[in-house]
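**Student:** Take a look at the letters that make up each chain.
2 protein chains.
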Amino acid sequence: MSKFIIAIDLGGTSAKMGVLNDNAEIIDRWSVETDISQEGTLIVPNIIQSIQGFLNRENISIDDIKGIGLGTPGTINHEEGTVVSAYNLNWRTVQHVRDQFQEAFPVPFFMDNDANVAALGEQWQGAGEQADNVVMVTLGTGVGGGVVIDGQLVHGINQAAGEIGHMTIEFHDPIDCTCGKKGCLETVASATGAVNLATKHINDFGGQSELKSMVERGDEVSAYSIFQKAEEDQDEYALYIVDLYVDYLGRAFSHIANTLNPANIIIGGGVSGSGEFLRSRVEKYFKEYSFSQIRETSKVVIAKLGNDAGMFGAAQIVNNGLNK
Amino acid sequence: MSKFIIAIDLGGTSAKMGVLNDNAEIIDRWSVETDISQEGTLIVPNIIQSIQGFLNRENISIDDIKGIGLGTPGTINHEEGTVVSAYNLNWRTVQHVRDQFQEAFPVPFFMDNDANVAALGEQWQGAGEQADNVVMVTLGTGVGGGVVIDGQLVHGINQAAGEIGHMTIEFHDPIDCTCGKKGCLETVASATGAVNLATKHINDFGGQSELKSMVERGDEVSAYSIFQKAEEDQDEYALYIVDLYVDYLGRAFSHIANTLNPANIIIGGGVSGSGEFLRSRVEKYFKEYSFSQIRETSKVVIAKLGNDAGMFGAAQIVNNGLNK
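Chains as they are written, first to last, in our numbering: chain A, 1 to 324; chain B, 325 to 648.
Think of the hints as simulated: they come from the structure by calculation, not from any bench.
A couple of the hints might just be wrong.
Said to hold, decoys possible - Derived coverage of chain B by chain A (criterion: at least 3 residues anywhere in the stretch with Cβ under 8 Å from a Cβ of chain A; other residues may be distant):
| id | region |
| --- | --- |
| 1 | 364-375 |
| 2 | 465-474 |
| 3 | 578-586 |
To be verified - Taking beta-carbon pairs under 7 Å as the criterion, some of the chain B residues facing chain A (in silico):
| id | residue |
| --- | --- |
| 4 | L379 |
| 5 | E382 |
| 6 | S385 |
| 7 | M491 |
| 8 | A515 |
| 9 | T516 |
| 10 | V519 |
| 11 | N520 |
Every value quoted in this text rests on a predicted model; they were computed, and no experiment measured them.
Note that CB positions come from ideal geometry on N, CA and C, so glycine has one too.
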């Protein structure tokens, strides 16, 4: 008598829905557009309607659903079941998300922040290999993070655990961060951060370089082009910038590991597309800065699930919630 | 029908024993000398004999004991119930500690590393105020640490969680650490680290200072005297060194908090005797380097239990173990 989990990965463009069986297989999936009009008040009703339609169409009884899990942007109040400050959903005021789901479906409902949920997804079905303790660091426009200890997400006293992107990592000549601090990891190790470094260090490098010329001319430069020029063209300035970039990441990873000695630190997000080229270079600095018993055991790995991390994580918060 | 816990805090000089009731009160306590002769093989038998003597003398049945907890130096193998590398106990080879206790007493036995146990003790009955997530940093000859998440100690994949003392904290002009790395927190923020700083920065300071004169003359200087001269005499070089010291600690604390957002980061160990003078200065830098949502909620506090932290923690690992 197998039961299903409905997992929802809510983003600013679409809400991706999936049905998982007890073997953690996604046996069905669909999505609905995220309509952020009317201050985002249509988002949850649209998701609910879409799930009801799915259940009717597939002739699945609600009794076959053991729970619904949602990963969402924004700040979550777990006690109240509410979400606030999800700006890409137009949710500026408190949204009573759990109440709406529980009114529609008489099954357990769980939700968590999207960065956390992705970390849990990778821990459960991806590069975390179900190890008890795993930390994920997501390198995108910003730097996000999620911490899993004993198979459970760590939230912290103010839901701010995993704010790896705002770890202060440069003290001598820091770049201002959008958060109000300066020298945050995000200013040097996000996609934006790579570009910041290429601009900031332009006068440190005397050699010939296509990348350097591009920056000097004011051409548009991206993290992708910096990593591509480093790996494929062996552009010396690009290699220099990548070396600074991975040094900063190695510092942050060593701080995490010297505190938690996790089985894996997982690199996710767009920049992780550089794969082994990135991983091996981060690992080099990570090992240099980590305690001997830690560098031999905590591994630096690349995320495996891509966009599905959020859906797997949304399912696993249901499992974790039901087992508590 | 209340039951008791026997808690043991084993150190290189003595093993302190305590009996705790269900209200977490130490209702009896005694100690035995740690005899490290014969490669430390007498240590556990002596403790066992002492506990048996206590039970007989007080006419307490073993049925009234719900468990025995031990905090010990060294590296613990939790699966095997063994301890190794406890050099101050003369335990160079693997010691089958759990087997010996379980042969003598037919009750559950739990043990953990002494730094971890002290952190759990403070979390449970001290400055941690039973918050779910607490980190303790102990400033003694070295810098130790313990991480409590969801009320449980975090061990890490290789028992090396909480190695805060070996977080790399100085990258530009690092001091060599006994661990083989350089720039570790321990080289600048232990009692030894304070003295290292007073020596290293002697030429950075041009003013008049008793401390500076002492260092120049080669007089013996201690962390205690540096903090005393800073606080009581307002010695300018001592204040300068303290400012460097607390800046490093603030960095480490912010790295921990940006990862875990714990309720409390507890400062313990000998240097914590400086109390509010130390705490407020660490807090200043901690807040400067921490994400806004974290600096408003994660608190820097001074340990409360002193030498009893280990005994309370040894008792709490019994409670945690029995509730698992």
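**Student:** For each hint, tell me whether it holds in the structure or not.
**Tutor:** Quick rundown of the hints versus the structure:
no.: 1; hint: 364-375; result: violated (count 0)
no.: 2; hint: 465-474; result: holds (count 4)
no.: 3; hint: 578-586; result: holds (count 8)
no.: 4; hint: L379; result: violated (35 Å)
no.: 5; hint: E382; result: violated (38 Å)
no.: 6; hint: S385; result: violated (35 Å)
no.: 7; hint: M491; result: holds (4 Å)
no.: 8; hint: A515; result: violated (20 Å)
no.: 9; hint: T516; result: violated (17 Å)
no.: 10; hint: V519; result: violated (22 Å)
no.: 11; hint: N520; result: violated (19 Å)
Comparing the model with each earlier hint shows violations of hints 1, 4, 5, 6, 8, 9, 10, 11; every other hint is respected.
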